[in-house]
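Asker: The task is simple: from the sequences and hints, build the whole structure.
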Amino acid sequence: MGNRVAIVGIGQTYHKSNRKDVTQPEMVAEAVRAALTDAQMKPKDVEAVFTSNMETFEGMYLPDHMMVDEVGAFMKPGLKVNTGGTTGASVVEEGFHFVASGLFDTALVIGFEKQDCGDTTAAITAAVTPVWGKGVATGAIGEFAKQALTYMQKTGAKEEHAAMIRLKADKGACKNPYAHLKLGLKSIEEVLNSGYLVWPLRLLDFCPQSVGACALILASEHKAKKITKKPVWIADVVTVHQEPFRAGSFGDPTGTEEYSQDIAAERLYKRNGITNPTKDICMAEIYEPSNWEEMSHYEHYHFCEKNEGWKMVEKGITEMEGAFPVNPSGGVIATNPIGATPTIRVAEAALQVRGDAGEHQVTRDVHTAMATALGGPNWTVVTLLKRSL
Amino acid sequence: MAELMQDRVEKLKDLDVFVYHGKIYIPNTYTAGAVGSRFLIEIRDNKKIMGTRCSTCDVVYVPARSVCKHCFSQLDKWVEVSDKGTLLTYTVAGQSNGVQPVDPPIIYGIVQLDGASTGMVHMLSEVDFEKLAIGMRVRAVFAEKRVGSILDIKYFAPL
Ligand SMILES: [Zn+2]
Numbered sequence: 011m012g013n014r015v016a017i018v019g020i021g022q023t024y025h026k027s028n029r030k031d032v033t034q035p036e037m038v039a040e041a042v043r044a045a046l047t048d049a050q051m052k053p054k055d056v057e058a059v060f061t062s063n064m065e066t067f068e069g070m071y072l073p074d075h076m077m078v079d080e081v082g083a084f085m086k087p088g089l090k091v092n093t094g095g096t097t098g099a100s101v102v103e104e105g106f107h108f109v110a111s112g113l114f115d116t117a118l119v120i121g122f123e124k125q126d127c128g129d130t131t132a133a134i135t136a137a138v139t140p141v142w143g144k145g146v147a148t149g150a151i152g153e154f155a156k157q158a159l160t161y162m163q164k165t166g167a168k169e170e171h172a173a174m175i176r177l178k179a180d181k182g183a184c185k186n187p188y189a190h191l192k193l194g195l196k197s198i199e200e201v202l203n204s205g206y207l208v209w210p211l212r213l214l215d216f217c218p219q220s221v222g223a224c225a226l227i228l229a230s231e232h233k234a235k236k237i238t239k240k241p242v243w244i245a246d247v248v249t250v251h252q253e254p255f256r257a258g259s260f261g262d263p264t265g266t267e268e269y270s271q272d273i274a275a276e277r278l279y280k281r282n283g284i285t286n287p288t289k290d291i292c293m294a295e296i297y298e299p300s301n302w303e304e305m306s307h308y309e310h311y312h313f314c315e316k317n318e319g320w321k322m323v324e325k326g327i328t329e330m331e332g333a334f335p336v337n338p339s340g341g342v343i344a345t346n347p348i349g350a351t352p353t354i355r356v357a358e359a360a361l362q363v364r365g366d367a368g369e370h371q372v373t374r375d376v377h378t379a380m381a382t383a384l385g386g387p388n389w390t391v392v393t394l395l396k397r398s399l
Numbered sequence: 108m109a110e111l112m113q114d115r116v117e118k119l120k121d122l123d124v125f126v127y128h129g130k131i132y133i134p135n136t137y138t139a140g141a142v143g144s145r146f147l148i149e150i151r152d153n154k155k156i157m158g159t160r161c162s163t164c165d166v167v168y169v170p171a172r173s174v175c176k177h178c179f180s181q182l183d184k185w186v187e188v189s190d191k192g193t194l195l196t197y198t199v200a201g202q203s204n205g206v207q208p209v210d211p212p213i214i215y216g217i218v219q220l221d222g223a224s225t226g227m228v229h230m231l232s233e234v235d236f237e238k239l240a241i242g243m244r245v246r247a248v249f250a251e252k253r254v255g256s257i258l259d260i261k262y263f264a265p266l
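Chains as they are written, first to last, in the working numbering: chain A, 11 to 399; chain B, 108 to 266.
No lab work stands behind these hints, which were simulated from the structure alone. In this text, a Cβ means the ideal position worked out from N, Cα and C, and glycines have one as well. Treat the hints with caution; some may be incorrect.
[To be verified] Not everything, but these chain B residues come out facing chain A in the computed CB check (under 10 Å):
| no. | residue |
| --- | --- |
| 1 | ASN153 |
| 2 | SER232 |
| 3 | ILE241 |
[Claimed, not checked] Okay, the calculated beta carbon distance ranges per label pair:
| no. | chain 1 | residue 1 | chain 2 | residue 2 | range |
| --- | --- | --- | --- | --- | --- |
| 4 | A | ASN317 | B | ALA264 | 30 to 40 Å |
| 5 | A | GLU369 | B | VAL126 | 48 to 58 Å |
| 6 | B | ARG246 | A | GLN163 | 15 to 25 Å |
| 7 | B | CYS178 | A | SER398 | 36 to 46 Å |
| 8 | A | GLN163 | B | ASP221 | 46 to 56 Å |
| 9 | A | MET76 | B | TYR137 | 22 to 32 Å |
Answerer: Next comes the structure, spelled out in structure tokens:
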């Protein structure tokens with residue numbers, strides 16, 4: 011094991027579909043400034059800067075190279091990482107590895123996406139090989155429609171269950187000052203009345219395209235204790251990946267392959283002595299681009315038995331006041347600045363551990379939290395956070 | 108923090124902001140490789156769908172690949188699989204997009220051919236939408252003029 015690493019600063023922008031008032035670097039700077047303010051640190055106190063986003067989603071190559079000055083990275087070491095949808099978690103892992111190695115005492119990690127600059131679906135359809143995936147790319151909506159269909163048929167979940175998840179997400183988003191979609195939904199009927207994008211996926215069943223950024227400051231044990239009274243320790247990070255179909259499918263829409271989520275969770279639990287996930291872990295922020303995906307992830311992360319994900323929402327277990335809250339922030343279905351999205355999962359989980367989530371702080375005391383990330387070809391990153399190690 | 112930033116946007120409301128539109132065009136040239144090409148040649152010349160088999164793991168990969176993902180063996184054993192298989196999942200695209208090879212509506216499906224261990228991403232046609240279902244049995248329909256492309260399988264049709 012490496013040295014201990016803590017999150018000592020957390021910052022994010024608010025989220026919208028469109029920000030014409032700021033350039034990409036200026037937008038990212040807002041999150042960096044917020045993280046530095048939270049940690050009461052100055053840019054000179056940060057030793058290295060790591061950035062992540064979805065290359066080409068901004069309609070350009072290397073959108074990070076021009077923001078060195080704005081993110082406080084002028085003449086500093088650092089790297090950019092891109093692992094697809096998981097990239098915002100991979101950048102946290104990258105910073106974690108560097109600080110754990112002892113090479114740096116402090117690191118700033120940043121996830122960002124300014125989707126109003128580009129065409130995300132066009133970029134996703136370019137993420138398949140022209141040999142096997144020629145023309146068979148559906149973008150994200152088609153992929154998650156396949157997942158929803160398989161989940162529905164395999165488990166017996168109904169559209170009403172997906173609607174309950176959407177309602178839960180909106181309740182959280184409305185309490186989260188940084189969330190994008192705050193719809194004020196009152197009933198599942200409102201969700202069930204929204205039109206289909208691709209059956210069985212409705213407009214309200216799917217995430218928006220958001221612009222935003224999230225920044226975290228990581229520090230070694232001795233620095234962390236000087237910087238803050240409330241360090242949030244990164245207990246572990248596990249990455250697992252595969253590409254089952256050679257055509258850029260998201261995860262395994264067929265339910266026949268080995269899921270990277272199962273493997274990642276099992277590895278994380280085994281390494282950290284977790285035998286009963288929903289008891290040993292107090293809450294989770296998971297990467298769910300659709301409500302259907304959330305129910306499926308409950309199962310793959312072993313929050314419940316197989317084919318019973320929908321029962322968790324039916325029983326209210328994953329509500330903010332429930333026994334095992336999931337995505338009290340409103341989650342990805344309310345806010346999805348893709349490259350920043352997994353960083354936000356870690357940030358929101360860390361705020362819960364600190365007890366600083368404000369109006370969307372969960373009822374249960376959170377000493378341990380889990381953040382997950384999902385990416386294009388069945389890529390998974392899971393992060394475990396603790397109040398004390 | 109959030110309040111502070113929102114204030115700043117409020118102030119910008121009446122200000123003119125310049126926005127520039129553009130487009131990037133990036134050509135690419137991909138090889139199917141020797142293994143992938145043999146797979147495509149068998150379809151083009153003989154209407155045969157071939158996979159590569161890992162005898163250690165007892166897995167047949169279709170489309171053929173050169174390395175077993177479970178044990179990292181170099182695969183060199185070719186086996187013919189059936190042109191019939193089972194639909195594992197599907198979705199329907201109703202909106203046209205420049206990268207699609209045919210006009211919408213397009214049924215995209217993942218088909219596991221009999222004798223293959225893996226699903227294969229392709230399209231379906233000749234389907235009565237009402238009867239479209241996971242588990243449906245399908246067969247490959249080959250294109251009349253075959254050129255050495257995955258689209259030499261024109262689509263999969265119900266059995
Ligand atoms: Zn093998």
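Asker: A separate judgement is required for each hint: does it hold in the structure or not?
Answerer: Each hint tested on the structure:
no.	hint	in the structure
1	ASN153	20 Å, violated
2	SER232	13 Å, violated
3	ILE241	5 Å, holds
4	A/ASN317 to B/ALA264: 30 to 40 Å	31 Å, holds
5	A/GLU369 to B/VAL126: 48 to 58 Å	34 Å, violated
6	B/ARG246 to A/GLN163: 15 to 25 Å	22 Å, holds
7	B/CYS178 to A/SER398: 36 to 46 Å	41 Å, holds
8	A/GLN163 to B/ASP221: 46 to 56 Å	21 Å, violated
9	A/MET76 to B/TYR137: 22 to 32 Å	30 Å, holds
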